[in-house]
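S.K.: Chain by chain, the residues:
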Amino acid sequence: MHRKSIILNCLSVLSIVALLAGCAGMTAKPTKQDFKAPVVTLDSMEVAHAFGYWYFSKKVQPTKGKPDNVGAPLNLAFVFNIENPNEYPVKMESLKFTIAFEEFDLNTVSSMDTMWIPAGKTNQLRVNAHFDVRQSLLSLLVTGGFKLKEKGTNAWAQLEKWWTEIPQYSVPVHVKGGAAVFKADGLTQVATFEATFPE
Amino acid sequence: MFAKNMWSKFIISLFVLALVAGFSPMVGAETIKVGSLNDMTGATSDVGKDYALGIAEAIHYVNDTGGINGKQIKLYQFDYGYRIPEALTKYNLFKRLKCVAILGWGTGDTEALAPTVAKDKIPYVSASYSGHLCKPEKTPYNLFFATDYSTQARGLITAWFDKKWPQKPDYGKRKPRIAMCYMTASPFSSSSIKAAKEQAEILGFEIGPDQSVSLFAIDTKSQILALKEFKPDVLLHTNTVMSVAATLRDAYSLGLGADNIIVNWGFDENLPKLAGKAAEGAIGCAPWAFFGLDVPLMDKVKEYAKKYNPGVPLEKRTIHTIQGWASALGLAEALKRADKAGDLSGEGILRKGFETMKDFEIGLGIAPVTYTAADHRSQSQAKIYEYKNGKFLLLDVVDLKKRWPDKWANEWLGW
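Taken in order, these protein sequences are the chains called C and S.
Take the first sequence: its letter number 46 is residue 46 in my numbering, and every next letter is one higher.
Take the second sequence: its letter number 292 is residue 1292 in my numbering, and every next letter is one higher.
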C-alpha cells in the first residue's frame, strides 16, 4: 500500500517537473545569431547635489576637524534607458562610461548592480557620479596642462566655470566610451553608447 | 505505520530536492571574490582608467577560460579617485565582502594600506612598484608583477652606459655625466633615486645637481637652464608622462643635448603625442609589452578590449592595459595554485600561491616571475625600449641579478 503511495507521489512530482520543463521550453531561447545587444540611451542628466564653488588649502584652519586640501563636491546623476529588443529576458551585468566636461575626461564611473530586463521592455538605471574641486584639480594639473595652455586658460578658471555653470545646465556634459555587458543563457553582448546633455 | 509514512515523505522530499538542485543553474557556480581599487577620476586617472579596463577585461578572460580551477572570479571594482580616506573605506568594504585578495593601484593606497593588509593577511597586488615593497619581512602581503622602480632605474642607467655611451665622442676621455629630474617632494618620484645614484657611482658616472620637476609642470625651462653648466650626457626622469614630456620639450628647444632615460610611468604611448619630436630617441623601461606588440597573449588582450569596451578605440589603449592584465593574470595564477593546495586563505594564497612561482611565464612580454618567502622582487630583468621613428623598439634587457649577483642578493633588497 505504502509502496504504491510512494510510487504515485514520485510519478506526480516527475509529471510536474516535466510540465514545468515543457513550459520553460515555450519561451524563446537565446542563440548566438538572434541575441541582439540591448539599446542604451541617456534619458537625462541631473545635478543631484551642488555646493557652490570653493576650495580650502590645508593651510586654512577649519572650525572643526583637521585641515586638508578640500574643494566643493558636485554630484551628477545619469539616467539611462535600457531597452531589450529580444524575445527573452536578458541580464545586465555591468555598465560603465567616461564623463567629460567639455574636452576634458574627468571621471569614469560604473555600475556593477545586475538587473534583469524583460523581453521587449525598457528598464531605467540611475548612475551617480561624484566630483570635487580637489580631485578634478589634480586630474587637470597632472594630465591636462598642455590642453589648458592651448585653450588659453588655467585649471582654476576652468574649474570655477564648470562648478558654477554645470548646475545651470549651461555647459554640455559628455558621456563617452560607454559599454554595458549583457548576458543571456551564457551568451554575452556588449552595447556601446555615447551622449551629451543638454544636447 | 507512522514511521513508514514519515520514511516515504522523507524519500519524496529528498527526491524533489535532488530534482530541483539538478535543474538549478547555480550548481557548481562557486565564486572567488576579488576586490579592485582603481583611480578613474583622480590625479592618476589618465593612466588609471586604462589599467582598470585591463583588470576587468583580464578577469573576463580568466573566467571564460576555466576560472580558478572551475570557480568564477567575482570582481568588485571601485574607483577611489586617489583619495586615501576613500581607499581605506573601500578596503573595509572588500573585507566585509570577504574578498580573498585585492588588486590595488598606486603609491598612495598601497603605502596607506600596507600595514593593514599585513595584519589582515590579505594579498595586495599593486601597480606601485617601489623597491621597498619587496622585502617580505616589512611588507609580506604586498606584491606586484613588474620590475621594481629601483631595478628599472639601475637597468636604464646600465643600458645607456653599455649601448649609448660608447657611441659618444667623449667616450674613453672622461666620465659620463648624469642628472636626475623628479619631484623631490613626491614619494613616488623619488623612490628610485637612491638606487639610481648608487648605480651611477658603480658605473663611474659624474652625478649632477638634482632638478625638482613638479608632476604638474608644463614649463621646466629654469631646470634645463640650471643643467646647462653641468652639460649632462643623460637625464634620468622618474615622474609621470606630462611633466616628463614638458622636460623633454624644454631640453630639446633649449638644446641641452642630453639623452633621456625614463622609468615606466613616464614612458608610454602618450609621451610622443605630448613631447612630439623631443621624444625621438627617448629610452624607457617597460616591464610589459606596449599595447599591440607581437607577444604571447596580446591577441587575447585586443580581443577582450574590443569585446568589452568597444567604445574605446584600440588606438587609445596603452601599455597600462597590459599592466592591468599582468596583475590580474598573476593573481589568478596564485589563486589557482592556492586553490589546488586547498587553501584559499590569505596566507595560503601567499605561501602556496605567489611564493611557489619560479620563473613563471605570464606572457605579455613580461620577464619570468619568481617570488620566494624572503624576496618579493618578482623580476630581476629590466626591459629597455627606445622610441625611434614612431615605434617602441627593444634596446636591451639588463638582468641585474645575473650581472651583480652579490649585490642583488645581499645589498639591494628593499630599497
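Simulated from the structure, these hints should not be mistaken for lab results.
A couple of the hints might just be wrong.
[Unchecked claim] If we take Cβ atoms under 7 Å as the criterion, some of the chain S residues that face chain C in the derived model are:
| # | residue |
| --- | --- |
| 1 | Gly1042 |
| 2 | Asp1046 |
| 3 | Gly1208 |
| 4 | Pro1209 |
| 5 | Phe1216 |
| 6 | Lys1221 |
| 7 | Leu1225 |
| 8 | Met1242 |
| 9 | Leu1314 |
Just so it is clear, CB atoms sit at the ideal spot from N, CA and C, and this is done for glycine as well.
S.K.: The structure should be examined with respect to each hint, and the outcome stated for every one.
M.R.: Taking the hints in turn, this is what the structure says about them:
Because the closest C-beta pair between Gly1042 of chain S and chain C is about 5 Å apart, less than 7 Å, the hint holds. Below 7 Å, beta-carbon pairs count as interface contacts, and Asp1046 of chain S has one with chain C at about 4 Å; its hint therefore holds. Given hint, Gly1208 of chain S at the interface with chain C, is violated; its Cβ is 26 Å from that chain's nearest Cβ, farther than 7 Å. At a threshold of 7 Å, the smallest CB-CB gap from Pro1209 of chain S to chain C is about 25 Å, leaving the interface hint violated.
For Phe1216 of chain S, the interface hint holds, the least distance from its beta-carbon to any beta-carbon of chain C being 4 Å, beneath 7 Å. A hinted interface residue such as Lys1221 of chain S counts as satisfied when its beta carbon comes closer than 7 Å to some beta carbon of chain C; here the least separation is about 14 Å, so the hint is violated. Because the closest C-beta pair between Leu1225 of chain S and chain C is about 20 Å apart, greater than 7 Å, the hint is violated. The beta carbon of Met1242 of chain S is positioned within 7 Å of a beta carbon in chain C (closest approach about 6 Å), and the interface hint is therefore held.
Interface hint at Leu1314 of chain S: violated, since its Cβ lies 12 Å from the closest Cβ of chain C, which is beyond the 7 Å cut-off.
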